[in-house]
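Using the sequences plus the hints, can you model the full thing?
Just so you know, the sequences run in chain order S and H.
full-length UniProt numbering puts the first residue of the first sequence at 1, with every later residue one more than the last.
full-length UniProt numbering puts the first residue of the second sequence at 1, with every later residue one more than the last.
Simulated from the structure, these hints should not be mistaken for laboratory data.
Mixed in with the good hints, there may be bad ones.
[To be verified] Going by beta-carbon spacing under 7 Å, a handful of chain H positions derived as facing chain S:
#, residue
1, F58
2, A70
3, V83
4, A102
5, M239
6, T244
7, A256
Heads up, the beta-carbon is just placed ideally off N, CA and C, and yes, glycines get one too.
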Amino acid sequence: MREVAIVAFGQSDHRRESAEVSEVEMLMPVLHEVLDAVGLRADEIDFTCSGSCDYLAGRAFSFTMALDGVGAWPPISESHVEMDGAWALYEAWTRLLAGEAETALVYSYGKSSPGDLREVLTRQLDPYYVAPLWPDSVSLAALQAQALLDAEDAEDAEDTVVDERALAAVAARSRIAAEDNPHAQVTGSPPPEALLEDPYLVRPLRRHDCPPVGDGAAAVVLAAGDTARRLCRRPAWIRGMDHRMEAHSLGVRDLTRSPSTRLAAERAGAFEAPADLAELHAPFTSQELILRRELGLGEGVRVNPSGGALAANPMMAAGLIRLGEAAAAIHRGAADRALAHATSGPCLQQNLVAVLEGDVL
Amino acid sequence: MTKEPVAVVGIGQTKHTAARRDVSLAGLVREAAVRALEDAQLTWADIDAVVIGKAPDFFEGVMMPELYLADALGAVGKPMLRVHTAGSVGGSTALVASGLVAARVHRTVLTLAFEKQSESNAMWGLSLPIPFQQPLLAGAGGFFAPHVRAYMRRTGAPSGIGALVAYKDRRNALRNPYAHLHEHDLTLEKVRSSPMLWDPIRYSETCPSSDGACAMVLTDRAGADRAPYPPAWMHGGAMRSEPTLFAGKDCVSPRAGRDCAADVYRQAGITDPRREIDAVEMYVPFSWYEPMWLENLGFADEGEGWKLTESGVTEIDGDLPVNPSGGVLSTNPIGASGMLRFAEAALQVRGRAGEHQVDGARKALGHAYGGGSQFFSMWVVADTPPAD
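Written out as structure tokens, the structure reads:
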């Protein structure tokens with residue numbers, strides 16, 4: 001397999017409101033940041049791929065305005081997925097693997113602030129049998145969390161205790177870690193015991209169990225082989241990457257498991273050697289526990305030192321940010337082998353896992 | 001490093017029509033997918049990954065519908081990608097899928113594009129609200145009509161050329177059982193006297209709104225060896241994009257289209273497309289785009305494209321048949337329209353185009369464009385594998 005690496009990563013400051021900037025204006029500084037980091041202009045990049053969603057923008061073809069911002073002149077080789085930017089990165093990665101490009105620019109962005117995100121996300125659901133009921137994203141996550149708590153009460157429960165305190169511990173740990181992340185939207189947390197005194201938002205989830213709603217953008221640059229070595233002191237090599245889908249109907253899934261994550265991790269080679277860092281796209285605290293179990297992450301693995309999606313969850317970018325954060329940790333020598341995970345759809349329906357490594361310096 | 005050759009071994013499409021009220025979105029896409037699998041004599045278990053594409057989600061009112069369609073497309077437990085590059089999306093989707101095979105990430109990939117336009121009103125779905133756009137346009141026709149007028153002024157083409165294209169494509173559609181419009185009693189005079197919608201584009205020179213889906217099975221060399229029918233081999237594929245509007249943009253013959261064609265021809269080793277390509281499926285949603293794209297794609301010199309149309313070169317029995325399937329003018333499930341061009345090109349070189357087969361077609365071009373004439377995707381397919 002051809003060597004391909006993430007050689008630059010940038011992200012915006014994620015915020016609850018960004019009415020004063022358009023999506024393009026939010027994205028532009030991030031694009032310039034990653035291009036400046038590798039010393040390339042947009043027209044020197046071989047392939048560009050982006051991820052965004054018309055339903056957040058509230059208009060058709062919203063990605064065309066971002067393309068104008070990229071400066072696609074002379075014309076560029078370019079594609080777009082209506083998915084989280086992690087999948088745009090996947091598409092770009094395959095172009096580099098095929099030898100069709102040496103470098104790729106990947107970006108994604110989302111502004112959730114103009115609408116009611118919980119309501120908007122109901123439009124993702126089966127349009128005949130589920131969407132007409134308008135079950136919102138937090139309520140569906142609560143169903144999943146309750147299933148997890150109930151499963152842990154059962155006799156065949158595994159050795160780890162999953163209760164509401166364990167959920168609160170994930171929230172506290174993530175947001176305290178985010179104090180070191182200048183881009184995070186929500187930072188700092190009272191201890192778990194204090195969090196449990198809050199009322200439920202949607203039982204069994206409290207506000208701390210849920211991601212912040214916000215606006216943000218992210219970008220990475222990919223490069224192959226010696227080009228990557230030239231552009232980056234310590235490239236984050238993509239050793240493997242895979243993504244898998246699950247059934248859409250929640251009724252046919254075991255919501256306490258994530259077989260798609262486990263399969264993607266297997267295919268990506270995640271279990272071939274222990275990782276020292278994992279960036280998981282777990283918007284809800286309960287989902288981190290599910291993902292940890294599927295990925296076999298033990299105590300020795302630092303999970304979401306960035307704060308993860310509980311500290312900033314810009315739709316369409318939060319998955320790409322996990323890949324970027326994991327790569328950035330390798331770039332600066334803070335990790336040698338990292339797992340990055342992205343998710344899409346209700347209750348972790350679709351999952352992507354990448355294995356990133358740095359050369360021994 | 002060499003890429004894996006990519007072969008098209010299965011093609012399926014629905015009978016395109018104004019409204020498929022008898023099926024859900026899932027039912028529509030599954031119909032095309034099952035037909036592609038039957039053509040390849042494969043089962044769902046043979047498919048390693050699924051890549052789907054469609055135009056804006058507002059057309060059906062389902063956000064990121066790949067999540068809901070995963071079950072219908074046999075994608076559970078598999079990788080699934082969703083492409084969206086405006087009107088070119090059907091072509092881009094096929095190219096993304098081909099990339100997975102070329103990179104040897106997967107061996108056999110199902111790719112599918114669809115639109116169920118009857119779920120909404122595409123014209124108003126494409127008419128963006130203030131402040132995104134000034135309220136001057138009504139749908140795609142309003143956007144493209146000025147570009148057609150610019151072409152007519154630039155080339156001095158006679159005003160009747162557009163009607164010739166529309167009449168030809170609608171006649172070709174009578175040979176294609178899957179085409180949406182089957183206008184048996186259409187005459188050239190009826191095209192010429194149909195109501196003016198966006199001057200100079202008349203009603204009969206405009207694409208319909210269709211419900212439909214198109215699917216293809218793409219595979220590697222080993223998969224092609226097992227195929228029951230002759231495969232179409234991909235000899236080149238490319239995408240190019242440029243901004244929507246900017247000072248100096250050539251709206252009549254966008255550079256992104258010219259660059260994209262040049263890239264595909266280079267990959268396919270084509271130096272004289274007019275002589276070397278036997279059939280063209282190009283994205284002509286409004287009649288005048290045939291002569292415009294003939295020039296943009298290098299089949300005619302600048303200002304000369306309309307002469308090919310006028311002299312009958314682009315007729316199904318002409319020297320360079322364009323849209324023997326009836327094209328977008330006869331069938332337009334927007335998201336699928338680009339993939340239909342790619343698939344119809346492949347059908348031609350497989351010799352499986354039925355009544356609209358071009359005799360002796362061995363090399364064909366599939367072409368799609370979208371947005372404000374800014375997104376282009378193309379592929380060249382042939383009846384033999386590419387040279388190593």
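> Would the stated hint for H:A102 survive a check requiring a Cβ distance to chain S of less than 7 Å?
Replying inline: 5 Å, holds
> Once the shortest beta carbon distance from H:A256 to chain S is found, is it less than 7 Å?
Replying inline: 4 Å, holds
>> Take the shortest C-beta to C-beta distance between H:F58 and chain S; is it under 7 Å?
In response: Holds, about 5 Å.
> Hint check: is the beta carbon of H:A70 less than 7 Å from a beta carbon of chain S?
Replying inline: For H:A70, the interface hint holds, since the closest Cβ of chain S sits about 5 Å away, which is under 7 Å.
>> Holds or violated: the hint that H:M239 contacts chain S, with Cβ atoms closer than 7 Å.
In response: At about 6 Å, which falls below the 7 Å cut-off, the nearest Cβ of chain S leaves the hint on H:M239 intact, so it holds.
> Against chain S, is H:V83 within 7 Å by beta-carbon distance?
Replying inline: Result: holds, 6 Å to nearest chain S Cβ.
> For the hint on H:T244, does the least C-beta distance to chain S fall short of 7 Å?
Replying inline: 6 Å, holds
In this structure, every one of the numbered hints holds.
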